[in-house]
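There are 2 protein chains.
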Amino acid sequence: MPTTSTRVANTPSSPIRRLVPYAEAAKKRGVGVFHLNIGQPDILTPKTGVKALQEADLAVIAYSHSAGMLSYREKLVEFYSRYEVSVTTEQMIVTNGGSEALLFALLASADAGDEVIVPEPFYANYNGFAKSLDINIVPITAHIENGFALPAMEDFEKKISPKTKAILICNPSNPTGYLYSVEELEKLRSIVQKHDLFLIADEVYRDFCYEGQKHTSILAIEGMDEHAIVIDSISKRYSACGARMGVVLSKNEHLMTEAMKLAQARLSPSSLAQILGEGLIDTPQSYFAEVTEEYDKRRQTVIKRLHAMEGVVCPNPKGAFYAFAKFPVDNADTFCQWLLEEFSHNGKTVMMAPGAGFYDTEGLGTQEARIAYVLNSDDLNTAMDCLEAALKVYPGRLKVNEINLDAN
Amino acid sequence: MPTTSTRVANTPSSPIRRLVPYAEAAKKRGVGVFHLNIGQPDILTPKTGVKALQEADLAVIAYSHSAGMLSYREKLVEFYSRYEVSVTTEQMIVTNGGSEALLFALLASADAGDEVIVPEPFYANYNGFAKSLDINIVPITAHIENGFALPAMEDFEKKISPKTKAILICNPSNPTGYLYSVEELEKLRSIVQKHDLFLIADEVYRDFCYEGQKHTSILAIEGMDEHAIVIDSISKRYSACGARMGVVLSKNEHLMTEAMKLAQARLSPSSLAQILGEGLIDTPQSYFAEVTEEYDKRRQTVIKRLHAMEGVVCPNPKGAFYAFAKFPVDNADTFCQWLLEEFSHNGKTVMMAPGAGFYDTEGLGTQEARIAYVLNSDDLNTAMDCLEAALKVYPGRLKVNEINLDAN
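So the sequence lines, in the order shown, correspond to chains F and H. Just so we're aligned: 82 in the UniProt record's numbering is position 82 of the first sequence, and the numbers increase by one with no gaps anywhere. Just so we're aligned: 208 in the UniProt record's numbering is position 208 of the second sequence, and the numbers increase by one with no gaps anywhere.
None of these hints come from the bench; they were simulated from the model. Please read all numbers here as calculations on a predicted model, not as lab measurements. Hints may be right or wrong, so weigh each one.
Listed next, the in silico DSSO-like pairs over lysine-lysine satisfying Cα-Cα at most 30 angstroms (straight line) [stated by the list, open to error]:
| no. | chain 1 | residue 1 | chain 2 | residue 2 |
| --- | --- | --- | --- | --- |
| 1 | H | K47 | F | K51 |
| 2 | H | K27 | F | K75 |
| 3 | H | K75 | F | K47 |
| 4 | H | K28 | H | K47 |
| 5 | H | K159 | H | K194 |
Far from chain F, some chain H residues (derived; all Cβ distances over 12 angstroms) [stated by the list, open to error]:
| no. | residue |
| --- | --- |
| 6 | L58 |
| 7 | T89 |
| 8 | Y126 |
| 9 | P139 |
| 10 | G147 |
| 11 | E222 |
| 12 | C241 |
| 13 | R305 |
| 14 | N316 |
| 15 | E342 |
| 16 | E362 |
| 17 | A389 |
| 18 | R397 |
Sample of chain H residues with no beta-carbon within 12 angstroms of chain F, all distances over it, derived [what the hints assert, rightly or not]:
| no. | residue |
| --- | --- |
| 19 | S86 |
| 20 | S99 |
| 21 | P151 |
| 22 | K165 |
| 23 | D207 |
| 24 | Q337 |
| 25 | Y394 |
For every residue, glycine included, the Cβ atom is placed at its ideal position computed from N, Cα and C.
Chain F extracted, bound-state conformation (with noise of 0.2 angstroms):
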């Protein structure tokens, strides 16, 4: 038989997908399950987009400009612009979801053998892309007692070698919920500065941010045109999750001319997830105020849950729909396949995304889990139900006195 790639083969499969088996297992079982382990929102799609997509003139699919529609990036231009960046039709590159903008990123970037830093934990697919491309994560470990705020610089000093090429950030962040301030984000530039750094920011969560905290893009920071790639997507944005729409940016003119050469051996993205994500961007702003009203308020009930639980630590998100939380558990890979194969309660059950699966440090993270909250507050104070009856029933549940409450 023909042997397979060492690359592909040191790719993690996705640990949020894991437990798929044993949740299916349970539904067959006649157990309810409350999908807490992945961020497909259950918001509705705005209709603007649906209705241009539906309007539109479909006679022939055709390929569109491999940097995507002008049209669209010119509504672009107009969409960023709101949140004050300025960019051009030239500083973008639309792309098939921001998995592929992560993809042209890393490429565009870093060659086989290249060091990446990532503050940990991060968003596990980020691992997934990177060892596929033989590019090294070198993680930094961001820690629960302190809210997962950004490392010291100190510590990104020690890790930078001369392999180093980007550091990659998510803000605010999948999966902590953390939201980087402006001073730390200036932190960063120093940093991408001194050691002549790319540093790429997955913003993707940009539009959800709580407790009149404000995001700031990488691009509307002084002195980074030359370091900063962002990547988007439509998909959390207007909930568009299957659109597979996303988008590349830089003011860095050379990344985006390597970059191009990625995106015309693809030919194009997805005239049809253009054509809904220039719909999209009609959407009235009050669409986002009442979304972000929403998911504050399932943010409150599950934090508030979550700290009345004895003995659980959970940092209170200011961004995103996650929040990230270490259990009084000998290990919340078994606790989260337990909920599945041997709990519920009233006939239901939980399922998170085990939290070592988002570290890269072998070893930490095996107390946490990641709970996306993307179900309506019912739906989620009944989830948090289940969560509470079953920490003191979990066999492997440790006792009072085992619990270290700072601890990572």
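Once you've looked at the hints, dock chain H against the given chain F.
Here is chain H on its own, set in the frame of chain F:
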């Protein structure tokens, strides 16, 4: 300024699009340009697909399964059975275009530094993918005087090294229109079996064969289960290039497990395009008969006209919608640029794709160009009038005694 990667620096820009600025300038001067340079057909996308999309419930455009919606994969199983290809829903991963299918196939089969053998001339974007993934394409030259038939087995044997992981073919071929016979596919089977290689076949043009010829998928050849990887797409089949909807198929279970890691990292293919694709499978078979008849008419128009031009050599394409011709000119690249920059005939000119971009071996194809017969026969005839007139006045035309009709 941060440095970009060497692998993308080494990735060639799309040769097909190099002449685009000259075409744009011609249009600004008021010269009409017949685009024979790209494979964007003018054929209508069947309404069954668009109807499915317009009638779908798009309240929440959600992620699908990473391998594609089960309902779509089930319909694909039925679809492939029409071609005597027997596959299961587990033996396919739905992708964002044939491009992503190729990306998955290459990444899963080859490491950085590994080699993939490709008969040249070949689809230029194969190079874009391979170079950016640090995979070396090893070309084997097919010759115009043999109609671009499969090179001799000894040629393959000579090129195989310990680094060889796969042979990649396009059948029917973009850019030559060559259709491999069952005997040729069986020869390839003996090679991949003997050397334990993958055989990757890009079969996106399978529906368009002429002169009573029939396409055979490598998945229909016995003894290939562990070796065959098929790249497919709805782009050409249903004239839906902008949908970016492809699929990678293999009966090699381990290969598919590896490819699934890549599919999961990018979450899912486009849900919109899958709904379209599912509807398109209901397209009546008469559509293919009509479209093939139309392409055949165009093919005959182009070939007849080319054969009537002094010194032009062009094998008769048996599939796809491309003709690959050799012209009595000093350099086809210069000729193609001159056609756009300096020539017009009754206010019109022709854009072709210069042949050298389809060869990996330096110096080959310099008198050749690819013609996509994607316009109606009247336009093609007028385009051929332009080409014929151009060949009479082009300053770099060869004298009759300089033309070598046999050499490649």
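Which of the listed hints are broken here?
-> Hints 4, 6, 8, 12, 20 and 22 not satisfied by this model.
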